[in-house]
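Chains as they are written, first to last, in the numbering used here: chain A, 6 to 328; chain B, 6 to 328; chain C, 6 to 328; chain D, 6 to 328.
Treat the hints with care, as some may be off.
Chain copies aren't distinguished; within one or between two, either way the pair holds.
Said to hold, decoys possible - In silico DSS-like cross-links for lysine-lysine, where the CA-CA straight-line distance does not exceed 30 Å: (1) K36 to K209; (2) K36 to K244; (3) K95 to K38; (4) K96 to K299.
Hints were generated in silico from the structure; no laboratory data involved.
Now for the letters of each chain:
Protein chains: 4
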Amino acid sequence: LQKIGVFTSGGDAPGMNAAVRAVTRAALANKLKVVGIRRGYQGMIEGDFIPLKSNDVSGILQLGGTMLKTARSAEFRTPEGREKAYKQLKKAEIDAVVVIGGDGSFTGALVMSQEYDFPFIGIPGTIDNDIYGTDYTIGYDTALNTVVQAVDKIKDTARSHGRIFFVEVMGREAGLLALNSGIACGAEVILIPEAKGDHDQLNKFLEKGYKSKETSGIIMVAEGDEAGGAIQIAERVRKEHPDLDVRVSILGHIQRGGSPTAKDRVNATKMGVAAVDALLDDQKSIMIGLDNEKIVHVPFNKAVKLNHSIDTNLMDIQKLLNT
Amino acid sequence: LQKIGVFTSGGDAPGMNAAVRAVTRAALANKLKVVGIRRGYQGMIEGDFIPLKSNDVSGILQLGGTMLKTARSAEFRTPEGREKAYKQLKKAEIDAVVVIGGDGSFTGALVMSQEYDFPFIGIPGTIDNDIYGTDYTIGYDTALNTVVQAVDKIKDTARSHGRIFFVEVMGREAGLLALNSGIACGAEVILIPEAKGDHDQLNKFLEKGYKSKETSGIIMVAEGDEAGGAIQIAERVRKEHPDLDVRVSILGHIQRGGSPTAKDRVNATKMGVAAVDALLDDQKSIMIGLDNEKIVHVPFNKAVKLNHSIDTNLMDIQKLLNT
Amino acid sequence: LQKIGVFTSGGDAPGMNAAVRAVTRAALANKLKVVGIRRGYQGMIEGDFIPLKSNDVSGILQLGGTMLKTARSAEFRTPEGREKAYKQLKKAEIDAVVVIGGDGSFTGALVMSQEYDFPFIGIPGTIDNDIYGTDYTIGYDTALNTVVQAVDKIKDTARSHGRIFFVEVMGREAGLLALNSGIACGAEVILIPEAKGDHDQLNKFLEKGYKSKETSGIIMVAEGDEAGGAIQIAERVRKEHPDLDVRVSILGHIQRGGSPTAKDRVNATKMGVAAVDALLDDQKSIMIGLDNEKIVHVPFNKAVKLNHSIDTNLMDIQKLLNT
Amino acid sequence: LQKIGVFTSGGDAPGMNAAVRAVTRAALANKLKVVGIRRGYQGMIEGDFIPLKSNDVSGILQLGGTMLKTARSAEFRTPEGREKAYKQLKKAEIDAVVVIGGDGSFTGALVMSQEYDFPFIGIPGTIDNDIYGTDYTIGYDTALNTVVQAVDKIKDTARSHGRIFFVEVMGREAGLLALNSGIACGAEVILIPEAKGDHDQLNKFLEKGYKSKETSGIIMVAEGDEAGGAIQIAERVRKEHPDLDVRVSILGHIQRGGSPTAKDRVNATKMGVAAVDALLDDQKSIMIGLDNEKIVHVPFNKAVKLNHSIDTNLMDIQKLLNT
């Protein structure tokens with residue numbers, strides 16, 4: 006092992022830069038050369054490589070986004086695309102690659118490593134925190150705090166006007182972000198795909214809210230809720246309760262960026278170092294995970310399955326505190 | 006003058022609490038009694054009054070929203086509603102009132118003061134900063150910084166993915182917030198109602214952006230732009246430039262809340278004290294304004310006209326820096 | 006069990022309000038009455054009690070500090086003081102108490118519960134995160150992020166001037182905060198009581214830094230480091246390296262306050278609910294802890310022993326990344 | 006005019022990067038070449054120059070500190086040093102220079118321009134906002150907000166414990182930052198060099214505070230107060246009022262860094278463009294200032310005199326609100 010590549014793939018997540026820095030510095034400290042692959046698998050296909058020295062990753066630890074950029078690549082899903090990518094890696098004398106991304110990125114790595122016996126190590130980087138085999142993915146803690154700070158602001162207006170706000174947060178298939186931000190902001194109701202009976206809770210709240218003109222409310226909605234997004238739900242509520250002052254806020258893309266929290270920086274750093282360790286230990290096709298704060302190795306085969314489990318205890322707590 | 010009322014009206018704005026605190030404490034220091042009128046003109050009609058002592062306004066200086074709540078009142082627009090309001094004020098022995106709000110709130114005060122010879126003093130509180138006769142309205146500086154911080158986050162993603170983001174900010178009739186946040190965030194294009202030729206600039210940028218796959222861009226859009234909001238404009242762009250990765254973010258209600266900036270707290274405090282001074286000086290039907298950091302008195306008659314002028318120099322600067 | 010008390014004790018920590026809210030609402034939902042005891046054990050002795058309804062804890066979730074206030078009490082350390090406290094609890098018909106604080110607060114609770122067979126349940130609230138038996142104490146995550154944001158600012162100046170900054174953070178006996186914030190900020194050196202050889206690392210860095218005029222550096226210092234605080238260490242360095250531009254920043258009390266992070270709010274809420282659950286299950290003299298995100302019960306006898314263990318792996322990582 | 010230089014000098018201030026970006030882009034748009042001079046006058050003497058293209062100043066608008074670095078230079082104060090500097094500028098074919106800094110930086114520019122008839126244009130960049138002839142200096146608004154956010158945190162602890170905090174902020178000769186942050190945070194007392202009788206106010210507050218055990222207080226202290234810094238004043242107070250729980254917090258270097266506020270970014274941008282305009286208009290030895298939001302030209306001769314005037318009205322307001 007003499008030269009490794011590192012890249013980011015899929016949606017950007019705060020802390021990816023911290024992971025790139027840790028991979029680079031840990032590799033350099035172990036006398037490896039490091040190459041940054043820009044724009045994910047697409048850049049790999051195009052040979053968009055830059056050498057990384059210690060100084061190149063200086064001052065990026067606290068920045069959101071990813072200095073290596075990221076992209077989707079339809080071409081990489083074809084055998085021809087992967088062949089091009091493999092040839093680019095060989096040409097650049099790259100012996101192994103660290104990929105920072107989500108389950109889609111790991112699937113790509115798994116297929117290519119099977120076709121070409123090329124070692125990939127994964128680091129989970131996605132604000133959704135829905136990867137199987139790890140308690141934690143890079144970016145989730147920052148995104149959660151971004152949502153909480155945004156909802157705190159909305160709550161100022163909700164309380165001042167006695168309004169009911171439907172706030173939609175990311176989570177197409179999972180309600181983790183909606184559930185935790187809802188608890189953290191004291192949301193009156195939380196609507197997530199995993200829950201049964203949460204719309205009953207909404208109706209109960211609206212009946213109660215209907216009666217007192219001072220009541221305000223925050224309803225957190227995961228974008229993947231079975232009843233539709235915040236706009237559809239609010240529309241229905243407006244019809245059924247025309248007296249209520251109902252508003253919608255879709256947080257959207259502000260949930261992705263921003264300077265990473267302490268936790269995202271520390272964990273990204275730990276995982277970056279662990280990825281280089283794994284390569285030095287001759288590992289391949291595994292994702293670095295965290296289980297109870299300890300580093301674990303999770304086979305890509307497992308990690309590509311999404312984890313949708315949710316702390317049902319938190320849902321009970323939310324209901325209890327809003328009875 | 007023995008007892009005054011104070012209330013907030015219209016949309017909530019960060020710094021309103023600082024103004025309520027300053028009015029209350031300045032009045033108490035001048036041996037006046039103070040009554041908080043809750044929920045704007047509607048609360049006035051209903052007699053929803055609370056006495057305010059020094060302690061009641063302790064710890065609110067740094068909070069967003071308004072502790073007195075705010076509301077719209079259709080009833081106050083009727084002579085009957087205003088009569089009820091006047092009777093409530095008389096019954097509570099309130100001799101004069103300080104109203105914190107926007108042009109609509111001042112219109113209401115003007116009408117009522119003409120009908121009943123009742124003294125009102127206004128303090129401009131609106132994040133739009135579009136009131137005639139004052140350089141500054143409470144909440145604008147905080148809203149501007151909230152927008153800038155949100156766009157900084159979006160820019161992380163835009164740069165990481167090479168995307169073009171249309172970011173819509175508040176400003177139904179004015180582009181002040183879009184223009185200043187656009188300059189502050191280095192937006193590539195700014196689309197505001199006041200500008201001519203800004204869509205030419207957009208087209209020019211898109212031609213340029215079309216060619217290089219790494220180019221990202223932030224297009225700030227004031228909600229009142231003549232070409233429609235961000236969603237419509239982005240749709241048109243997607244059709245004309247199907248190769249570009251175009252996204253939309255509507256900042257919405259997060260622009261309203263949040264802990265006020267230093268400037269909003271200091272100015273709200275100055276204006277609150279000046280409002281009580283004006284009442285002690287036997288003034289009425291004026292708004293407290295700031296002209297070059299100095300307190301000025303602006304007749305309601307003038308203040309209710311919106312000020313849509315915009316610093317055209319800033320538009321030139323924006324174009325110059327993005328040539 | 007019909008009426009419970011709740012209070013905060015020791016140093017304030019962000020998230021204490023979230024815990025007070027959760028205890029109150031969970032108790033009310035279980036048909037218990039709730040009394041807030043103000044100013045810790047001193048307020049207990051003086052009978053400084055306030056009834057808590059659901060509304061009284063509305064809007065406090067996101068506020069730093071503690072609405073119940075906190076204080077040290079020399080009197081409570083005497084048998085006479087504890088007798089007074091017990092009589093006040095009896096007089097107010099309080100059947101059990103939830104105490105939110107650190108090891109000193111739990112020691113007091115343990116002694117009193119042994120003397121008077123009175124049930125106490127503890128919730129760990131301290132920014133030091135040094136309580137035995139729990140992975141987490143309320144306030145630590147917020148304090149860590151506050152430190153990180155402050156050091157990010159200092160780093161701007163350090164890099165602009167090529168300066169070396171010694172930044173002192175809280176931690177009289179433990180280096181947890183210094184270690185984690187140091188990793189999160191990319192500190193060149195971290196000096197903590199638990200480490201051996203960290204001053205060698207400092208010397209090595211200074212030799213290197215001495216040679217290049219552009220080098221800047223952040224040295225994190227836990228206040229309890231064996232070599233003294235940041236001021237003493239910097240003084241010694243200035244003597245040995247008069248050419249270096251050395252500065253000191255003691256973060257001090259800004260580390261304690263501020264709006265709690267999402268994690269501190271969610272965990273404080275979980276723990277508050279779990280404390281009421283424990284009382285309903287007839288538990289006493291235990292602290293609610295979190296072990297791998299799950300609620301655990303830790304006997305006060307164990308929790309009063311401080312946990313000074315530190316992740317030595319993190320120290321190795323820090324050295325590796327700065328070779 | 007074909008090639009200009011730009012540099013930052015003196016203490017770093019948030020917004021300096023925005024000014025460097027605006028100077029660079031405005032010059033490039035006017036077909037000028039741009040050279041960045043690193044590390045202030047010292048870098049000028051050493052010929053530490055880098056060419057600046059549009060891309061080199063991309064992504065710096067929102068960063069604190071200065072990408073061109075800054076330094077003090079004893080050598081530049083000697084005729085020999087200035088001769089070296091002049092020769093380096095000539096050698097690099099630089100025709101004129103924009104200097105971003107404080108009064109010391111302008112003094113240097115004035116002396117050199119008189120000795121060598123070399124055109125300098127100044128942009129005021131200092132968090133102290135104490136330059137004659139301009140309402141505004143780059144960095145002040147950010148520093149003010151940083152102080153306010155830090156004091157908000159300290160206030161959480163002060164209120165929770167009933168403590169009195171002496172908070173020392175920057176301002177060796179001027180109390181502007183202390184006065185405005187004190188108003189913005191609701192400080193009970195503000196001690197600044199410009200005020201008479203402020204220590205009487207302190208004594209009055211302490212007498213009052215002494216009586217009620219729940220009173221907390223924030224005393225803002227400008228470092229240049231005639232009674233000494235916060236540590237000395239607090240020591241005296243502790244002796245005279247041993248019953249009070251008195252603490253000190255010196256904010257120090259965190260006041261300098263951080264992402265600039267919207268205002269600092271917009272004004273730095275305006276001033277950067279205006280500096281290039283001035284050079285194109287064949288101006289020299291002037292500082293770009295802002296007078297009531299409009300660009301003005303202030304001769305260096307005037308700008309090097311510090312402006313210590315303070316809004317005495319604000320001091321009266323502070324006293325009024327704390328009677």
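Hints, one by one, checked against the model:
| no. | hint | verdict |
| --- | --- | --- |
| 1 | K36 to K209 | between (63 Å within a copy, 20 Å between copies) |
| 2 | K36 to K244 | neither (66 Å within a copy, 35 Å between copies) |
| 3 | K95 to K38 | within (14 Å within a copy, 41 Å between copies) |
| 4 | K96 to K299 | neither (36 Å within a copy, 49 Å between copies) |
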